[in-house]
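Peer 1: Sequence:
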Amino acid sequence: MPLRTALASLVLAALPVGAQVPGMTGTLVVTNKAPSTASLVDVASGAVLATLPTGNGPHEVVATRDGRIAVVTDYGTGPAPGSTLTVIDVPGRRIARTIALGAYRRPHGIAFLPGDSVVAVTVEASQAVLLVDVTRGEVLRAVGTEKAGSHMVGVTADGRRAWTGDIGSNTVTELDLVAGRALRAIAVPAQPEAINVTPDGAEVWVGSNAERIVSAISTATAAVATAADGFGWPYRVLFTPDAALVVLPDYRGDAVRVVERATRRELGRLDFPGAGPQGITLAADGRVAFLSLSNEARVVAIELATRRVIGSVPAGDTPDGVAYSRVVVPR
1 MPLRTALASL
11 VLAALPVGAQ
21 VPGMTGTLVV
31 TNKAPSTASL
41 VDVASGAVLA
51 TLPTGNGPHE
61 VVATRDGRIA
71 VVTDYGTGPA
81 PGSTLTVIDV
91 PGRRIARTIA
101 LGAYRRPHGI
111 AFLPGDSVVA
121 VTVEASQAVL
131 LVDVTRGEVL
141 RAVGTEKAGS
151 HMVGVTADGR
161 RAWTGDIGSN
171 TVTELDLVAG
181 RALRAIAVPA
191 QPEAINVTPD
201 GAEVWVGSNA
211 ERIVSAISTA
221 TAAVATAADG
231 FGWPYRVLFT
241 PDAALVVLPD
251 YRGDAVRVVE
261 RATRRELGRL
271 DFPGAGPQGI
281 TLAADGRVAF
291 LSLSNEARVV
301 AIELATRRVI
311 GSVPAGDTPD
321 GVAYSRVVVP
331 R
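First residue of the sequence shown: 1, per our numbering; consecutive thereafter.
For the record, the hints were derived by calculation from the structure and aren't laboratory data. On a predicted model such as this, the values are computed, not experimentally measured, just so you know. Here a beta-carbon is modelled for each residue, glycine too, at the ideal position from N, C-alpha and C. Please note that the accuracy of each hint is not assured.
What follows is a set of in silico ranges between Cβ atoms, one per label pair, in the way DEER data are often shown [stated by the list, open to error]:
# : residue 1 : residue 2 : range
1 : 273       : 229       : 16 to 26 Å
2 : 135       : 330       : 16 to 26 Å
3 : 95        : 45        : 20 to 30 Å
4 : 273       : 22        : 22 to 32 Å
5 : 180       : 22        : 20 to 30 Å
6 : 22        : 133       : 20 to 30 Å
Can you make the complete structure from the sequences, with help from the hints?
Peer 2: Structure (structure tokens):
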């Protein structure tokens with residue numbers, strides 16, 4: 001084991017579950033799959049501020065830029081597909097509303113569009129991406145991918161384009177969210193799940209579960225190239241705001257990698273033996289990433305510049321999606 005990885009593992013082991021994240025404030029919203037809840041956790045103290053009921057089998061969560069609203073995708077469990085979104089009033093520590101998606105099933109990947117009132121959300125079983133007004137609780141449009149297993153979604157900074165990883169079709173699909181139609185599907189290595197697009201839309205990175213690699217796609221040429229390999233399960237793809245770094249949780253490999261996007265050079269790797277790293281998000285300034293550890297019921301904070309764990313806070317059972325809010329909620 002490299003020295004930096006060993007030291008990071010020792011730091012992680014030394015952090016108690018209720019530890020705070022030094023020098024930081026704000027609130028984490030964490031989905032807990034098994035109990036179908038969401039935890040609101042104070043970053044500064046590590047205190048659980050509230051545990052709120054969601055729809056069945058919550059997976060992903062996203063927050064508005066001001067951090068006042070968070071939206072959870074209620075994916076469902078086993079053979080029972082979910083068909084709702086849960087909207088959380090973060091400062092109020094309450095469920096603001098539950099949005100019924102009608103006939104659309106298995107909501108999963110989610111991202112806010114500019115303006116923070118509309119989300120783009122995949123409905124995997126319905127082979128589409130929905131545009132949903134979360135303030136009015138209304139489905140505005142369904143944009144079909146016509147591909148099997150459109151699970152995760154990445155959206156460009158201007159909100160005009162979205163990309164889905166289509167697990168069952170071995171493609172990624174580009175969607176025009178303004179015109180409401182699919183533009184093209186690009187063949188990629190098998191079982192693409194994790195996906196994201198750079199803010200400027202120039203490059204898409206996608207993780208392929210069957211081949212245990214992450215590919216980079218030029219959106220100008222549709223060229224697909226291996227960016228990183230040797231994963232157990234490349235669970236998610238996260239770009240820093242300047243798109244200089246890519247953070248890649250490896251669920252079955254029990255690690256998280258930090259890769260320089262331009263050179264595709266791995267800058268560092270942190271091991272979390274047996275912890276099951278899953279969901280990941282950034283603090284508002286992009287300096288710290290928050291990573292859920294599904295098997296340990298907690299979230300760790302990672303300083304990206306030094307690739308070290310700087311804190312840990314508790315979550316509920318089997319945490320997955322995590323969103324950061326700059327809002328400091330009174331206890």
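Peer 1: Please go over all the hints and tell whether each is borne out by the structure.
Peer 2: Status of each hint after checking the structure:
Judged by the Cβ atoms, the range 16 to 26 Å given for residue 273 and residue 229 holds: they are separated by roughly 21 Å. A C-beta distance of roughly 24 Å is found between residue 135 and residue 330, which places it inside the suggested range of 16 to 26 Å. Under the hint 20 to 30 Å, the C-beta atoms of residue 95 and residue 45, about 23 Å apart, fit the expected range. For the pair residue 273 and residue 22, the beta carbons lie near 24 Å from each other, so the given range of 22 to 32 Å is met.
Here the CB-CB span from residue 180 to residue 22 is close to 46 Å, at odds with the stated 20 to 30 Å. Range check, residue 22 to residue 133: about 39 Å between beta-carbon atoms, so the 20 to 30 Å window is missed.
In terms of the numbered hints stated before, the structure departs from hints 5, 6, listed from lowest to highest.
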